[in-house]
Amino acid sequence: MAAKTPEQITDDLLRPLQGASGRYWSFLALFGGVIVAALCAFSWQVYAGIGVAGIRRPVFWGFYITNFVFWIGLSHAGTLISAILRLANATWRRPVTRCAEVITVFALSIGATFPIIHLGRPWLAFWLFPYPSERGIWPNIRSPLLWDFFAINTYLLGSVTFLLLPMIPDMALIRDRAIGLRKKIYTIVALGWRGTPKQWHRLESAMQIMAVAVIPVAVSVHSIVSWDFAMAPVPAWHSTIFAPYFVCGAIFSGIAALIIAMALLRKFLHLEDYLLRIHFENLGKLLLVMSLLWFYFVFAERLTVWYGNDPSEMTVFWVTQTGSFSPLFWLMVVCNFVIPFPILAIKKLRTITGCVIASIGVVIGMWLERFLIIVPSLSHKYLPYSFGTYRPTWVEITITAGTFAGMAMLYMIFAKTVPIISIWELKAAPEAQSHHAPALAPVPDSGAD
Amino acid sequence: MPHQWGMVIDLDRCTGCEACVVACHAENNISTVGEDQASRGRAKHWIRVERYFEGEFPDVKTKFMPVLCQQCDAAPCEPVCPTFASYHTIEGLNGQVYNRCIGTRYCANACPYNVRFFNWYNPEWEKPLNLQLNPDVSLREVGVMEKCTFCVQRIKAGEIQAEAEKRAVKDGEIQPACVQSCPTTAMVFGDLSDPDSEVSRLARGNRGIKLLGELGTLPKVTYLQKDSWHGSENA
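So the sequence lines, in the order shown, correspond to chains A and B. Here the first sequence is numbered in this note's numbering, starting from 68 and rising by one per residue. Here the second sequence is numbered in this note's numbering, starting from 11 and rising by one per residue.
Take these hints with a grain of salt, some might be off.
[To be verified] Which bits of chain A does chain B cover? Going by a derived footprint, with three or more residues having C-beta under 8 Å, they are:
no., stretch
1, 211-221
2, 296-306
3, 442-454
[Stated by the list, open to error] Derived, one-sided and incomplete: chain A residues facing chain B with beta-carbon distance under 7 Å:
no., residue
4, 113
5, 127
6, 203
7, 207
FYI, nobody ran anything at the bench for these hints, they're computed from the structure. Built from N, CA and C at the ideal position, the CB exists for glycine as well.
Go ahead and model the full structure; you've got the sequences and the hints to work with.
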């Protein structure tokens with residue numbers, strides 16, 4: 068297939084913005100319905116008391132904190148991957164970066180709601196803000212929850228900036244073609260972009276700075292999320308391995324989410340000529356590396372606990388390896404390693420479908436991993452007399468479903484309002500769409516610029 | 011020097027009668043949650059009598075251990091609270107300010123003793139039980155963590171009384187409800203900063219162990235027992 072002309076690229080990538088099919092609206096209604104149900108469930112929880120959720124002593128954290136860690140982890144899809152690929156100057160990244168960065172912004176926003184949803188008195192969540200108040204006290208900076216508050220806000224600010232910056236030239240492109248109300252809206256978001264050399268230069272420097280700055284922030288966010296657990300003297304939580312283990316798991320689930328999102332975009336928005344097998348294959352290789360790394364971390368963590376033979380930790384160890392949580396544990400191992408490893412390691416199986424199957428496994432497996440870190444430890448904490456158990460109620464399940472629907476809906480709306488593939492970046496490197504462009508190949512001097 | 015309130019519980023004297031549990035409920039306005047919620051693990055007992063069995067039937071020995079907030083000097087529950095609801099008082103108590111609590115429940119997860127209790131719903135008292143509420147103890151609303159305070163209202167009352175009479179607090183003058191109600195005097199409460207107080211004397215004895223002392227939480231409750239559960243070095 069011949070490389071597309073710039074005009075074709077513009078037309079193809081702006082097409083999703085022109086009108087929506089009945090299928091789009093019915094999906095939107097479906098997801099909207101689930102979100103409304105989740106809002107009702109949350110309202111009921113606020114009205115009746117947090118007791119309508121399944122959490123109980125001693126398992127004070129359950130689905131909500133699992134979802135919190137899961138979504139924050141998923142948010143490492145975009146900004147981190149996209150920043151690393153930008154800095155590495157990987158040309159194949161061009162069609163991938165924006166759909167990755169959007170996952171970050173939405174997953175982070177969704178994840179950040181869970182610490183509020185799970186509060187006993189959510190209407191007082193603003194007490195985490197350090198503001199001079201009549202109460203005369205600041206928030207406690209020794210608390211990892213406060214570190215979370217600052218880390219997540221910093222990351223959200225950073226990733227929103229990182230998403231919006233490279234959107235500016237595309238916004239201007241739409242502005243120049245739109246009419247009516249749309250023109251007014253896109254004129255505002257285009258921020259007066261005229262495409263002068265000075266503006267290009269500034270955009271380039273700003274993105275370079277953001278790409279460098281956002282990586283340590285992303286790493287710090289999931290380290291701090293891990294410290295919510297590692298700082299507490301709870302068996303199998305109090306571990307130095309947790310920060311890198313969580314960051315690895317976050318990138319792992321993030322890449323999986325990105326592959327699923329790309330496959331859906333490719334199918335629904337007919338982007339077969341832009342999201343190519345090579346992109347899935349390259350991300351699949353990254354996913355393979357993360358799968359191996361994840362397995363290594365789990366193995367190292369389990370081995371150290373087992374060898375250390377601390378009675379309280381061994382209680383948690385056996386309850387996950389062979390006890391009541393073992394079906395979930397081994398399902399996690401299957402989803403995170405046994406399924407993805409052969410699919411991604413064997414070149415023949417590393418197709419688009421293969422990558423998607425592996426990714427679905429990883430997303431399920433990583434959700435289970437968060438659950439298995441939180442619940443078995445809390446339910447088997449030191450004194451056997453107060454061992455307990457946990458079962459979610461419909462409230463927690465509905466709210467959890469609502470956040471998945473929320474993610475899907477936000478993503479759908481975004482893909483209909485902003486070109487999900489960066490048009491100007493793609494035009495800058497036409498060779499990147501060639502079917503045969505090898506990964507990380509140096510840009511051939513085709514004279515296209 | 012401020013008082014350092016502490017407690018000694020003699021496990022060799024404890025009969026597991028749970029009078030302390032009842033007294034605590036009455037003194038501290040601890041709401042009952044009903045059968046259904048209790049079966050879900052939502053019951054609140056600031057002090058509980060843990061029951062352990064040793065040996066094989068028919069040679070079974072039952073051991074009782076009353077567990078309440080250990081008022082740790084290095085309390086894991088305190089630093090994790092983002093709003094200072096859980097904090098260390100000058101008298102060494104683990105204070106819990108209900109009004110500051112937003113209900114993250116982090117303190118309860120961090121507590122190795124599982125002695126923190128959460129209000130999953132607003133508390134209710136069937137009439138006329140509302141008339142027996144202790145006016146010295148505030149009620150806790152939904153979404154708030156609560157736990158044993160060493161009957162801080164009694165401590166404060168005793169201190170104020172002593173100050174009004176321009177004297178020091180006498181040893182044994184202040185008693186939490188559980189200590190007061192113990193029929194076998196298995197529990198002793200007093201000032202650990204006074205080396206001559208009964209609680210200091212007993213805590214120093216070679217029968218004393220700290221519950222989960224290996225975690226370094228520095229509990230201010232000392233358990234006394236002749237034959238140790240935790241190894242022969244305490245025998």
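* Which of the listed hints are not met by the structure? -> 4 and 6
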